[in-house]
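The task is simple: from the sequences and hints, build the whole structure.
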Amino acid sequence: MNTQEDLIQYLLLLGDTALVQGQRLCQWCGRAPAIEEELALMNVGLDLVGQARNWLEYAAELLNDGRDADDLAFRRDEREYRNLLLVEQPNGDFAVTMTKQFLYDAWHYQVLEGLCTSSDTRIAGIAAKSLKEVTYHLRRSGEWVQRLGDGTEESRRRMLEAIPQVWRFTVEMLSGSDGETRLARTGFAADPARVAAGWSQQVATVFASVELPVPAAANYFYLSGRRGLHTEHLGLLLAEMQYLPRAYPDATW
Amino acid sequence: MSVWTLYEVFVRSKHGLNHKHVGSVHAADSAMAIENARELYTRRSEGVSLWVVPSALITASSPDEKDPLFAPADDKVYRHASFYELPEEVGHM
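So the sequence lines, in the order shown, correspond to chains A and B.
The numbering used here applies: residue 1 is where the first sequence begins, and numbers increase by one.
The numbering used here applies: residue 1 is where the second sequence begins, and numbers increase by one.
Since the hints were derived computationally from the structure, they do not count as laboratory data.
We treat Cβ as the ideally placed atom computed from N, Cα and C, and that holds for glycine.
Each statement offered as a hint is correct.
Non-contacting residues of chain A with respect to chain B, defined by C-beta distances greater than 10 Å in every case (computed):
no.: 1; residue: 96
no.: 2; residue: 166
no.: 3; residue: 209
no.: 4; residue: 227
Just a few of them, taken from the derived set where beta-carbon distance is under 10 Å, the chain B residues facing chain A:
no.: 5; residue: 25
no.: 6; residue: 37
no.: 7; residue: 39
no.: 8; residue: 43
Next up, the structure:
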């Protein structure tokens, strides 16, 4: 694969992961435990959808096949999606939602921090803008993990159940594709090894602060978001997200 | 939710100005109150600083005491500092 192709795959990884996480968060609309929390969840979701737009616009330009960012978001099937498996998992209860959010934010932060010095100035620009938002996302989700982990007996029990439920998907945060490694060598992408180390440390610190056990590093299994091999949950999420533009391709608003 | 604390929110719109009361939020603790206040009141560059205070800690005057507390003694003009002219450079005071 050449650099251009590696870069497109990388942009899709960043864009699709943000988009799917944003869509998942928006499923809390009308169902969050408090109006303040609902607003916060929607704001984080909208931040991520905005970031996804930036990444997908760039990907569309490089693809140069007539598709725009909307086409990439609404007219690709699950096999063509490159998002991390973690973010497509169902929201579950609030402990699962916040565990997913935190594990994603910790990865996202490391990646964006690495990308701020990308040799591609456009990537560096998008990353610098996104990093401000994600710094806040990480602070918020980290505090929720601590609050729930160290809260009531019930909230702690739920955290202890939530972590193992989604932990196996974190295997994707500990390694990058060959393409990412190639891009990192030329300074385009964040170095996967550094991201993995930073992520592990961040997660360990927050978990340890409220005595939540960190499970052993997750093992590889046959699914991979980077290769478009998703769990069954992504198809349902996309069906809902893509229904309108697919059913009414000429719709405008 | 019913056990969350009500916090009053104060926003300083720019440096040099006072914090102004803008509303209230529910939160489980003060860190969450700051974040909820940020979501509700400062997403559109409305401020540079936030204060949150548990509503229960605020002592308020009673509407029944309106007259004794607030009715001004208008005949005592010397109580009103209206005879001074402020130079432009002083700005907000």
